[in-house]
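Chain by chain, the residues run as shown.
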Amino acid sequence: MTGHDVNYDTGPDMGHDTGHHAVPLRINLLVWAALMALTAITVGVTSFDFGFLNVVVALTVATTKAGLVILWFMHLRYEGRVIRLMVFTAFVILAIAIGFTFFDVAYR
Amino acid sequence: MSADAHDHPNFFQPQPGTKGGIASWIFSTDHKRIGMLYLYCIVAMFLVGLTLGFLIRLELIAPGRTIMGPQTYNALFTLHGVVMIFLVVIPSIPAAFGNIFLPIQIGAEDVSFPRLNIFSWWLYVTGAVLAVVSLVTGKGAPDTGWTFYVPFSAVTTTNVDVAVVAVFILGFSSILTGLNFITTLHRLRAPGMTWTRLPLFCWSLYATGWIQVLATPVLGITVLLIFAERVLGVGLFDPSRGGDPILYQHLFWIYSHPAVYIMILPAMGVISEILPVFARKPIFGYKMIAFSSLAIAFAGSLVWAHHMFVSGMSDTAVMVFSFLTFVVAIPSAIKVFNWVSTLYKGSIRVEPPLWYALAFIFLFSIGGLTGLVLGSAGTDVHVHDTYFVVAHFHYVIFGGLGFGLFGAMHYWFPKVYGRMYDKRIANWSCLIAFVGFNILYFPMFIIGLQGMPRRYYDYLPKYAEGHFISTMGSWVLAAGLLLMFWNLWRGIRHGKPVGRNPWGAATLEWMVPSPPPHHNFDAEPVVTHGPYDYTGVKPDA
Amino acid sequence: MYPQSLTPVQQVDLAFIIIFGFSVFVLLVITAAMLWFVWRYHESRHPVPAQFSGNVPAEIAWTVIPSIIVMGLFYYGWEGYKALRTVPEGAMEIKVTARMWSWVFEYPGGKRGSVLVAPVDTPVKLRMTSVDVLHSLYVPAFRIKMDTVPGMETYAWFKADRPGEYDLLCAEYCGLKHANMITTVKVVDKAAFDAWLASTDAPGGKGRALMDTYGCISCHSLDGTPGVGPTFKDLYGAEREVALPDGTKRKVFADEGYLRRAFTDPNGELVVGYDPIMPSTEGMVPNEDMEQMLAWLMHGNEVGREEGRRLMEAEGCISCHSTDGSIIAGPSLKGLWNAPTTVLRDGKEQQVTADEVYLRAKIANAPSLGTVKGYDPMMPPYEHLTPEQLGAMVEYIKSLGEHAH
Amino acid sequence: MHEHRDYEGAKIGMWLFLFTEVLLFGGLFLLYAVYLHRYPAEFHAAGKDLSRIFGTANTIVLITSSLFMALAISALQRGKVLLSQRLVLLTVALAGVFLVNKFFEWSAKISHGIYPDSPALLKLPPGEMVFFNLYYLMTGLHGIHVIIGGAVLLYGWHLMRAGRVTPEHFVFLENGGLYWHLVDLVWIYLFPLFYLVV
Ligand code: HEA
Ligand code: HEA
Ligand code: CUA
Ligand SMILES: [Cu+2]
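Listed in order, the protein sequences are those of chains A, B, C and D.
First residue of the first sequence: 1, per the numbering used here; consecutive thereafter.
First residue of the second sequence: 1, per the numbering used here; consecutive thereafter.
First residue of the third sequence: 1, per the numbering used here; consecutive thereafter.
First residue of the fourth sequence: 1, per the numbering used here; consecutive thereafter.
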């Protein structure tokens, strides 16, 4: 981001909420079905004991679900570069905050 | 008032067809009025904070008890820290000058969310009032230091609950300002105002905005946790309940280290505006300065644990965070070098804002370079929590942000008021304050190296000399600052009227009348050149 | 670079010198350049500004060169830190407990004190913790500083290279008397240290210590509990039934003569109910030691009082409780004895009297008794104190005067 | 002063605000991560005490409410205002179901004497104490967000009825929806972390 007209892809659109095309019903329902299926998987899988892997599996499933919600329900898939970059930055910072704390707690 | 100010009512006057009065200010959604509200509140809180600092110095003039007991002293430095950090320096330049000038500098009519803007001022006032309430209610003024470290803050019976709620609200206010600026800079730049034509002040506010948005919530949850710890008995930091007090420090500094860049970046932006104007020459390395603001903002979020080298955290963490701390120093170094080079082969006109800018560079360099001593693990062990740290942060905050703020006041004064202060007195007050500042804080480095811990109301006799000199310095500094504030005050009432562009600057705010009219521009401006292109620009007064 | 040949102090000082050297140099260059430019390119001397807006090689240079330099600075700082954290093999270990607002040092063998005594030229490892809030142990002379964290053990180490006294300060803000949480590191030569460590100045001063040394305590309790032999508690002047060697029984008072005879000819008058197993002190205990022990048995209370005072200073009671009626953090000890006291416990007020039982319980575990009305619940428990030590403290409190009704 | 509507700007502002929410919860997730690392066995044991039925039910409720929200916006964009209004009401109703569920779950725990600072809690091993304290804090903070989200959507519904949110100007509803999805997002993590990490 050294500064070249980063937001030009959004264009000036004052006056109307000329967003993007409405997400088709089919896609919304598909996403919902996938979320339900993932919920079923993550609940079902707890009856097996993989030790620490359980946490990994649970978080992977959760992150997949989160991805679905962000990309489709929250329309991030349809947003311009600026917003996508911003979302990315925010999650990077969160990851740094949690990750770097482990330089301490994991080595204490 | 200047000649062309008569065409429009300026923003001090009531809008045509409306009544004036106090309500037209405190419910205004005009960014300039909101900025002025912030400016006056911040200056008032600054005076309060300074007075508290002054009292701290009086107590420390000699060992033993001089003018107050330990409990009062502990409350005093806590309050001094809280007022200065949360009520003065964090809002200071962005909320005051950023609000007034960011929209004009990009050719916009206002910020993106004017109502959120006034709401954030109201939050600020609420926070300030609560902070004052915490002093006089409950079982005494908070005595934890501005860092609110647990377990002490969880067990002390002083009025910490109210104080942390105040901090939470102030944090919210700061978030709204940052959010507003980021959106404004993305959406409301005038035609032709590309990112590479953005004044560096705006760039620094953009970087600051990101820190405000991404770091402040962590402070929010941290103080909420203190509140939960005290009120609900949730023992998340209480070792007897399985908690870990060191985690509090992580959370606190995850915000508060980036916060020091919330403080300094806008001041750096001001310096980047002032220097080219008075050197009559484009700023040296525009892109590097803009980029280094973003780099500081990002890298600043990687180093928080350098405040915790002796907290009991792991040695691995000490190594990583010490290393990264040194990395963060690089973008600051780049800025300093670029500023100095901006003066090279200029045609320098020496005016009060330039003096403040030069003082800034000198004092900030001292503060920053001593930051290296603190960032280096082995040496920090010795000087951590001593007056060396106190000296470091007064040099960067007061020498940096403070002098940057004074620079901004002197630079934009004629724009805001349409008048000019007495420049000779301004120069003298800068000099006196500068000298006093160094007498006040330099001895602190020395007693810090000798082992004088901070937050001590009483000290061993061997540190007496340093403390005494330091207290003397605070008097000189006080004289300088009182002179400065008096001079500005007098300038507002009786200063000589000036035109649009007394310094001959090239950014957009100097194209509009002084003081600016309500809607800033008659017609949306079209930008055709960079912010530091002085060809053909002449000072008009 | 020279990890083995430098002490941590030298290593840290080296880092200081290097960083300061660099800083002063950079600062001078920047300041000089700035002032020179302002003078040289003042509009009166240089009316037409040059119009360049950057110089890529220069900018790369002042990005890359400082980056390399700061890596060097990091390296020296880190070496210094490593030296501070690497404890040599076989270091002597001293346990440190920090509490508002005093330090307790516990040496190998269990001796405790509020001043840190250390042998010269010997690596000493401090194993530290805190019982209440954060504190930080700071000895500027040794360049060491480490927080003490409740519920966690931290460490620091040092090796003093010459005898002397050094300041030891609390560097982490810990409330009201943070500024007074200062004590001394006494560095003495090795022989003196060993002698000091061996000398038991257990409660009661010399006489009491001798009781330990000669093993009396293994049979006689001090607090009234029965043992192999009768307890020493309240012995002086008590009435005794004794059996003489011929089998006749007699009542005697434990006066000085009786006690002397009990030392030298223990089985001459045998306290009824006990076996004749106590060895005579004749030939085993030098005369002056016996006098000391006698004195302690007879005037133990006064000795205990002195001991109580010493202990209360060492344990830090005096940093919260005054002995002159003034109020610091807790109630003054003056006139406390037998005073009626209002205690808030589980939200209810209770009236108690500051008698022996209350005081002992209060000192050993203050929170369990609720808090005295008008004060904060900040007094830490002192569960490590022995009954004798508690007794000595109570004696001292008694000596500060009874509550005036 | 003409009223300027900047659709894109409003959305950027909303996303920025969502980031602050993410980082607010982020602080608690940080604590959770560290304590899970420190007390895996205790978290395992304590997690068993939470009702997986309640948790799963609430997950389904929230995910479905998110679907309704997404449908509501699509409907509005297509001009079906009435349908959109109904979908929003459905979303709010599910928020209510979630809260009722949560209420029963909490009261069950509280009636067992497990709540912050309770005598029963203080008898548990330290790791379990931490688990339950985090449980109350995180689900509590999330619950507050559910309430706020529900209120915002209800207001959005009101604006639609009043004709101030229309198929042309729907950014308020869209932003309210974004907020609601965030509430869902947080729960998507809370659910496995508290109910399934066993
Ligand atoms: C405006 C606020 C501000 C700023 C900008 C900084 C900037 C820096 N700070 Fe400071 N700091 C504080 C405010 C600030 N700090 C406060 C308030 C505290 C105390 C908090 C408390 O405990 O109460 C503190 C404490 C503090 C500590 C913890 C000390 C301790 O408690 O033990 C450390 C440790 O690393 C540190 C380091 C640094 C560094 C490396 C920088 C760097 O960013 C500095 C970079 C600048 C330069 C390096 C100078 C300019 C460059 C040159 C002149 C060129 C040459 C230089 C090179 C080639 C490197 N600071
Ligand atoms: C912007 C930030 C800022 C500023 C400007 C200052 C300004 C001053 N500070 Fe600072 N200080 C902090 C931020 C700041 N401070 C912080 C964050 C801490 C840490 C707190 C903590 O440990 O928690 C601290 C701690 C701190 C300490 C350490 C206390 C301790 O550890 O025990 C000391 C000691 O000397 C001190 C002194 C001063 C002095 C003398 C001034 C001087 O600049 C003041 C000079 C005085 C004047 C210029 C007065 C002029 C005016 C009047 C005399 C009256 C006029 C009044 C009216 C008209 C209403 N401060
Ligand atoms: Cu103990 Cu400060
Ligand atoms: Cu920092």
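No lab work stands behind these hints: they were computed from the structure.
Check before you lean on any hint, since a few could be wrong.
Claimed, not checked - Short derived list, chain B residues pointing at chain C, Cβ under 8 Å:
#1 136
#2 137
#3 138
#4 256
#5 349
#6 366
Unchecked claim - In silico SDA-like links for lysine to any residue, alpha-carbon gap of 20 Å or less:
#7 D:48 with A:108
#8 C:82 with A:46
#9 C:82 with B:324
#10 D:123 with B:345
#11 B:345 with C:48
#12 C:348 with D:123
#13 D:123 with B:324
Computed from a predicted structure; not experimentally measured.
Heads up, the beta-carbon is just placed ideally off N, CA and C, and yes, glycines get one too.
Do the hints match the structure? See the list:
1. Hint on residue 136 of chain B is violated. Least Cβ distance to chain C is approximately 19 Å, over the 8 Å limit.
2. This hint is violated: residue 137 of chain B has a C-beta 17 Å from the nearest C-beta of chain C, more than the 8 Å allowed.
3. Below 8 Å, beta-carbon pairs count as interface contacts, and residue 138 of chain B has none with chain C, the closest being about 13 Å; its hint is therefore violated.
4. With its C-beta approaching chain C no nearer than about 15 Å, residue 256 of chain B sits outside the 8 Å limit, and its interface hint is violated.
5. Interface hint at residue 349 of chain B: satisfied, since its Cβ lies 5 Å from the closest Cβ of chain C, which is below the 8 Å cut-off.
6. This hint holds: residue 366 of chain B has a C-beta 6 Å from the nearest C-beta of chain C, less than the 8 Å allowed.
7. Straight-line distance between C-alpha atoms of residue 48 of chain D and residue 108 of chain A comes to about 28 Å, which puts the hinted pair past the 20 Å bound.
8. For the hint pairing residue 82 of chain C with residue 46 of chain A, the CA-to-CA distance comes to about 45 Å; that exceeds 20 Å, so the pair is violated.
9. Annotation: proposed proximity of residue 82 of chain C to residue 324 of chain B holds, straight-line Cα distance about 17 Å (limit 20 Å).
10. For the hint linking residue 123 of chain D to residue 345 of chain B, the alpha-carbon distance of about 74 Å lies beyond 20 Å, and the restraint is violated.
11. Proposed proximity of residue 345 of chain B and residue 48 of chain C is supported: the alpha carbons are some 9 Å apart, at most 20 Å.
12. Pair hint residue 348 of chain C plus residue 123 of chain D does not hold up; C-alpha atoms about 24 Å apart against a cutoff of 20 Å.
13. With a C-alpha separation of about 42 Å, the suggested pair residue 123 of chain D and residue 324 of chain B falls outside the 20 Å cut-off, and the hint is violated.
Of the numbered hints listed earlier, those contradicted by the structure are 1, 2, 3, 4, 7, 8, 10, 12 and 13.
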